[in-house]
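Asker: Which chain is which? The protein sequence lines are A and B, in order. In terms of the working numbering, the first sequence opens at residue 167 and continues consecutively. In terms of the working numbering, the second sequence opens at residue 5 and continues consecutively.
Honestly, the hints are just simulated from the structure, not real lab data. The C-beta atom is built at its ideal place from N, Cα and C for all residues, glycine as well. Careful, some of the hints might be misleading.
To be verified - List time: in silico SDA-like cross-link candidates among lysine to any residue, alpha-carbon distance up to 25 Å:
{"id": "1", "chain 1": "B", "residue 1": "Lys123", "chain 2": "A", "residue 2": "Pro587"}
{"id": "2", "chain 1": "B", "residue 1": "Lys254", "chain 2": "A", "residue 2": "Phe595"}
{"id": "3", "chain 1": "B", "residue 1": "Lys94", "chain 2": "B", "residue 2": "Arg64"}
{"id": "4", "chain 1": "B", "residue 1": "Lys123", "chain 2": "A", "residue 2": "Tyr225"}
{"id": "5", "chain 1": "B", "residue 1": "Lys246", "chain 2": "B", "residue 2": "Leu83"}
{"id": "6", "chain 1": "B", "residue 1": "Lys122", "chain 2": "A", "residue 2": "Phe215"}
{"id": "7", "chain 1": "B", "residue 1": "Lys118", "chain 2": "B", "residue 2": "Gly200"}
{"id": "8", "chain 1": "B", "residue 1": "Lys123", "chain 2": "A", "residue 2": "Ala226"}
{"id": "9", "chain 1": "A", "residue 1": "Lys528", "chain 2": "A", "residue 2": "Leu482"}
{"id": "10", "chain 1": "B", "residue 1": "Lys246", "chain 2": "B", "residue 2": "Leu89"}
{"id": "11", "chain 1": "B", "residue 1": "Lys94", "chain 2": "A", "residue 2": "Ala485"}
{"id": "12", "chain 1": "A", "residue 1": "Lys421", "chain 2": "A", "residue 2": "Gly431"}
{"id": "13", "chain 1": "A", "residue 1": "Lys528", "chain 2": "B", "residue 2": "Gln255"}
{"id": "14", "chain 1": "A", "residue 1": "Lys552", "chain 2": "B", "residue 2": "Arg14"}
{"id": "15", "chain 1": "B", "residue 1": "Lys261", "chain 2": "A", "residue 2": "Leu610"}
{"id": "16", "chain 1": "A", "residue 1": "Lys223", "chain 2": "B", "residue 2": "Met117"}
{"id": "17", "chain 1": "B", "residue 1": "Lys123", "chain 2": "A", "residue 2": "Leu658"}
Unchecked claim - These stretches of chain A come out as covered by chain B in the derived footprint (C-beta under 8 Å, 3 or more residues):
{"id": "18", "stretch": "225-235"}
{"id": "19", "stretch": "338-351"}
{"id": "20", "stretch": "406-412"}
{"id": "21", "stretch": "623-633"}
{"id": "22", "stretch": "646-656"}
Said to hold, decoys possible - Per the computed footprint, the stretches of chain B lying under chain A, defined by three or more beta-carbons under 8 Å from a beta-carbon of chain A, are:
{"id": "23", "stretch": "16-22"}
{"id": "24", "stretch": "33-44"}
{"id": "25", "stretch": "112-121"}
{"id": "26", "stretch": "128-140"}
{"id": "27", "stretch": "146-152"}
{"id": "28", "stretch": "254-267"}
{"id": "29", "stretch": "271-277"}
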Amino acid sequence: MRMPQAFKRLLHPVVMILLGLVGLYLVTLVYATGETLLAGVMLLTLACFIWIYTSPKTYAYRYLFPGIGAALIFVVFPMLYTVRIGFTNYSSKNLLTFPRATQYLLEETYRAEGPTYNSTLHAEGNHWRLRLEDAEGGAAFATEPLILGPDKPMTLRAEPLTTPLPGDPMPLQEVISHQAFLKGLTVAMPDGGQVRMTGLREFAPSRVQYTHNKDGSLTNNQDQGLLRPNFKTGFYEAAGGETVDPGFQVDIGWKHYLDVFTDKGLREPFWRIFIWTLVFSTLTVVFCTALGMVLAVLVNWDSLRFRSVYRLLLFLPYAIPGFISILVFKGLFNNNMGEINLILGALFGVKPTWFSDPFLAKAMILIVNTWLGFPYMMVICMGLIKAIPQDLYEASAVAGAGPITNFFQITLPLIIKPLTPLLISSFAFNFNNFVLISLLTGGLPDFLNTATPAGTTDILVSYTYRMAFQDSGQQFGLGAAISTLVFLMVALISIIQIRATRIAQDDKR
Amino acid sequence: MAIVIEKSQRWRVFAAHAFLIVLCALVIFPLLMIISISLRPGNFATGSLIPETISLEHWRFALGIPSMGPDGQMIKPDLPVLLWLWNSVKVATLSAAVALLLSTSAAYAFARMKFAGKKAALVGLMLMQMFPTILALIAIHSIFSRLGHTFPLVGIDSPWALVLAYSGGISLHIWTIKGYYETIPAEIEEAATVDGATPWQAFWRVLLPMALPILMVIFLLAFIGAVNEYPVASVLLRSQDKLTLAAGMKQFLYAQKYLWGDFAAASILSGLPITFVFILAQRWMISGLTSGANKG
Chain A
167 MRMPQAFKRL LHPVVMILLG LVGLYLVTLV YATGETLLAG VMLLTLACFI
217 WIYTSPKTYA YRYLFPGIGA ALIFVVFPML YTVRIGFTNY SSKNLLTFPR
267 ATQYLLEETY RAEGPTYNST LHAEGNHWRL RLEDAEGGAA FATEPLILGP
317 DKPMTLRAEP LTTPLPGDPM PLQEVISHQA FLKGLTVAMP DGGQVRMTGL
367 REFAPSRVQY THNKDGSLTN NQDQGLLRPN FKTGFYEAAG GETVDPGFQV
417 DIGWKHYLDV FTDKGLREPF WRIFIWTLVF STLTVVFCTA LGMVLAVLVN
467 WDSLRFRSVY RLLLFLPYAI PGFISILVFK GLFNNNMGEI NLILGALFGV
517 KPTWFSDPFL AKAMILIVNT WLGFPYMMVI CMGLIKAIPQ DLYEASAVAG
567 AGPITNFFQI TLPLIIKPLT PLLISSFAFN FNNFVLISLL TGGLPDFLNT
617 ATPAGTTDIL VSYTYRMAFQ DSGQQFGLGA AISTLVFLMV ALISIIQIRA
667 TRIAQDDKR
Chain B
5 MAIVIEKSQR WRVFAAHAFL IVLCALVIFP LLMIISISLR PGNFATGSLI
55 PETISLEHWR FALGIPSMGP DGQMIKPDLP VLLWLWNSVK VATLSAAVAL
105 LLSTSAAYAF ARMKFAGKKA ALVGLMLMQM FPTILALIAI HSIFSRLGHT
155 FPLVGIDSPW ALVLAYSGGI SLHIWTIKGY YETIPAEIEE AATVDGATPW
205 QAFWRVLLPM ALPILMVIFL LAFIGAVNEY PVASVLLRSQ DKLTLAAGMK
255 QFLYAQKYLW GDFAAASILS GLPITFVFIL AQRWMISGLT SGANKG
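In isolation and in its complexed conformation, chain B is listed as follows:
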């Protein structure tokens, strides 16, 4: 197409660049600042963006390495960041696996089978995810604390309680996987059925291997969702060594005990891998979904 390039065009490009650069700076500023703060000595230090003296004390704290206190004694960091990270990974891996297990099979029935109440169930799932968990927090707390009287394994402070509480939030996953299954032609499974496969074998041996890309995406999304979940974790987990990162990180910034530098190091340490996994999932989401569409 022929566009007449006016003189004002150059100014517009320049203005656009300036605007975008300012915004990018605003986006990156907090991130750079945090890196800088994590390297400054002390928790109340101020200074320029590039620290004059580099100190690794906050990184030692975040990694749980004991350091020499002012009175010459070895002090072990009292906020176990690595333990929280491990708790988060544990809970998130378990709940992502559970979410995958529950949603793949339910989506199979929705995509391939006929049964009474199918449409109502699908709409119900859609409606369900409009109501956030936070509204049911009091009931969730009450249910698990009361169950815990009888079964401590699923009571307050148990990672299994969290996995169970998260296992219900799969309605969106069911919809996504169902959509993906529908892009895979049913003839392949039908051929397997003709060869004598049961519906379960057709699902487990034929359909699931073909749906692998979407399963990976759902696993990662469920994983990140569980790592980032704060309300339920903060209510169900009480003791220090059971907390997940999301529930524990705020302890760095209490007014009485303000560990700004230590927080900076801990948040880079834990935030970087999660951010990386998220961007990875986003990439796969796009490529996974389009490759599925091509097959259909």
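Pulled out of the complex, with its shape left as it was, chain A reads as follows:
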């Protein structure tokens, strides 16, 4: 460290000022696109950053800021934002923000009155000339020479053509490659009209469709009609109430929530999916725990040989990446070609339709999830069983009790209390076990007559995923509203879990 003292003292403030300026520039860029909320979050982050790394009072926070900041921005903020989206009509029809939707409409053009011209390009040295021929009248015009170059809008003047242009017209393929440039051309005709490219070989008068008025409305230049933005529906609307695409994002209050509880096409699938979500997570926890606990007792049994081999093999499903083992089962259970049906067919002559029958699909999901989940429970129970004092079993052996009595009278009562918080967290995990449902069945088979596609094996989170990202028109707003409801349910489960943990810990003391 041989830096001059003055330089060293100046370095920190200079770097902070530079970082601050760069940050402000980025915030401005985002703000300019109309994303006020994102720009606000970025500005707040930047302000905290500058404050924490310049004030001597905030020394401890300098270590916290990156980690806590990331957690707040990428975990907490998206969750709050989801709640926010639940109150808007954000969907594929109302995708853009209001400024962007307005901008989109202002860039629209329409075909105006006037003659159409067939267009060709002819080389003239290094330059090209655009030849326009009236499609009906036959009169020909040509522009001044131009260079096919950058995609820059420009206006050219056309003159009546007296002598034919030399050279063959440019082949269509080349015209296509220069399309972007040609689209930006405006040609002023001798009669005072202006024409633009309307087809690969066609120029015609075209005008900007809308003019922005001072009061925020748009005038349609074609029919002089007036479009006003309707901030209730999120569309520009004509006087008669006809809407114009694209829509924009507006607040619609509690509408999605009301729909979930009153609209028949939504309410019915929602409740059926909710009940299946509960059944699915409860049965998964019961099956995994029962199997895991029995196995833990067995592999802890001193009289048994090869216990470490069993332990390693039984641990495998936990170690294999979930997205691979779930897909492996998807293939093995395949109705026609799956190996499981081949074996069942050979042994019993049956061929269950695992993917098209709702009940069998649910059974398959539970089988696969038990396979995936029991090793974790086994490992947990093994640890808990080791903590049980051995003299309890000696005493019961003296009393002549068998292994079944031991299990139900000693082992189970002693491990169930410390196990309860883990059972609840396992329940919460499976309540949102999106990966399993999405990769195994995708929610299929579907219910009939629902507002958005909903499946008999869908759980709440996979239902919202399908709503937002799959086949039903990207209903982000509705999906976010249902996600918010799931938030509340998870919060409730968490409260129960915290209670149970506290009870388990009090018990230990």
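We have chain A; now place chain B onto it with these hints.
Answerer: Frame of chain A; chain B shown alone:
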């Protein structure tokens, strides 16, 4: 202890073995089946567990080696498994490094410093990880697609968007590392401070080297977490050549295009290293945590 060995004991041992063997068979069956399927010719072939004819076509597909099509033309596999694996490794390495960087420093403040709001922040972190990311998926998609309008580098289809989205999920890591730091006596750092070290130097030069075992464990756990993550990746990555393994593998099993054999080879190819790393991390987790406890 003296246990009277009854005659029934032998039967119990036998029954236990039988039960365990059946379960182990159920666990291993899908795995053996997949190996067998990856070696069978064709995507619709059926047969016994040990294939009669061995064909390497699926392995060629998985490794991206062009093969001779039925019409005599060379066909390049259209699902780039190795590229997806590379994407996964890239995203996972970056996000594990970021997770490590963010969580070690935050855990240091929690373990060694006094500041306002410490307890609330710790509880907040605990609560945060109870809510799964999947619930905020719509917002995450919206945020990154809108940010991408201005900065394509962190937009849809960018690995950096994924790294950023994963960087928030560090609350559990902070708790684990904090617990480990607390097993290391603070006197060593205090001695360094007496010798003139700044808190940053005490952290970076003294504490971190001692915490190396837990850092390795956290790195591996974050790495595996990112490799296995499916929901966010499937929403933020759209184009074929940007996908991670987790987001891409389901394309093998579409009803219209069912590549069962190719899937088998690809899943062994990609699943084996990940499984290996996971078991390694589990081993280190146990040994790393206990060695830390001994020091305290």
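Asker: Hint by hint, which ones does the structure fall short of?
Answerer: 19, 20
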